[in-house]
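Q: Based on the provided sequences and hints, a complete structural model is requested.
For the sequence shown, position 34 matches number 34 in the working numbering, and the numbering has no gaps at all.
Bear in mind the hints are in silico, worked out from the structure with no lab data behind them.
It is possible that some hints are incorrect.
[Stated by the list, open to error] The calculated label-pair distances, taken between Cβ atoms and stated as ranges, are:
1) Arg134 x Ala32: 26 to 36 Å
2) Glu118 x Lys35: 30 to 40 Å
3) Thr132 x Ile78: 20 to 30 Å
4) Lys31 x Gly120: 37 to 47 Å
5) His63 x Asn95: 21 to 31 Å
6) Ser52 x Gly77: 15 to 25 Å
7) Lys35 x Asp131: 16 to 26 Å
8) Asp18 x Gly77: 42 to 52 Å
9) Asn42 x Ile128: 49 to 59 Å
10) Leu11 x His93: 54 to 64 Å
11) Arg134 x Ile3: 14 to 24 Å
12) Phe74 x Asp130: 13 to 23 Å
13) Ala66 x Lys34: 46 to 56 Å
14) Glu30 x Thr132: 17 to 27 Å
No residue lacks a Cβ here, since even glycine has one placed at the ideal position from N, Cα and C.
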Amino acid sequence: GAILQTMLGRLLKEPYYDYFGQAHQITDQEKAAKKRALDDFNKKQARGTKPSLPLEAYAGRYHNDAFGTVQVTFQEGILQVSFSHELVADLQHYNYDADFKSAVVQTRWDRPSTLAFEAGEGSATSFIWDDTLRFNRIQ
Numbered sequence: 001g002a003i004l005q006t007m008l009g010r011l012l013k014e015p016y017y018d019y020f021g022q023a024h025q026i027t028d029q030e031k032a033a034k035k036r037a038l039d040d041f042n043k044k045q046a047r048g049t050k051p052s053l054p055l056e057a058y059a060g061r062y063h064n065d066a067f068g069t070v071q072v073t074f075q076e077g078i079l080q081v082s083f084s085h086e087l088v089a090d091l092q093h094y095n096y097d098a099d100f101k102s103a104v105v106q107t108r109w110d111r112p113s114t115l116a117f118e119a120g121e122g123s124a125t126s127f128i129w130d131d132t133l134r135f136n137r138i139q
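A: Structure (structure tokens):
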């Protein structure tokens, strides 16, 4: 990034350009945008609600034909979703009966996201990711 561009500029005797300053400015703008998005997301939360099932009842394997199989686990009181080894997030209850939000825990998944679970007899039967993709429970 910035180091390589600065070195090439010096080698080619180009006029100085502050690539580091530009990178910091972009990073600051991205951080501010992410904070605004998270603040807006949290303002929409209906407080004082709880899931209809115990958290462990949401654990299981869920499948979507386009995205494959994901794992929802419950360990030490924490519900967690794993879309891959690199895309993992803790889930916190967000709204009403069975909506969960992912905590902002991964650099690759650093935006608010929701999994809206549908509860069946004693366990979740599916979830919808960000109001778009349905994952059905397979185990």
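Q: Determine which of the earlier numbered hints do not hold for this structure and return their numbers in increasing order.
A: Violated hints: 9, 11 and 13; rest satisfied.
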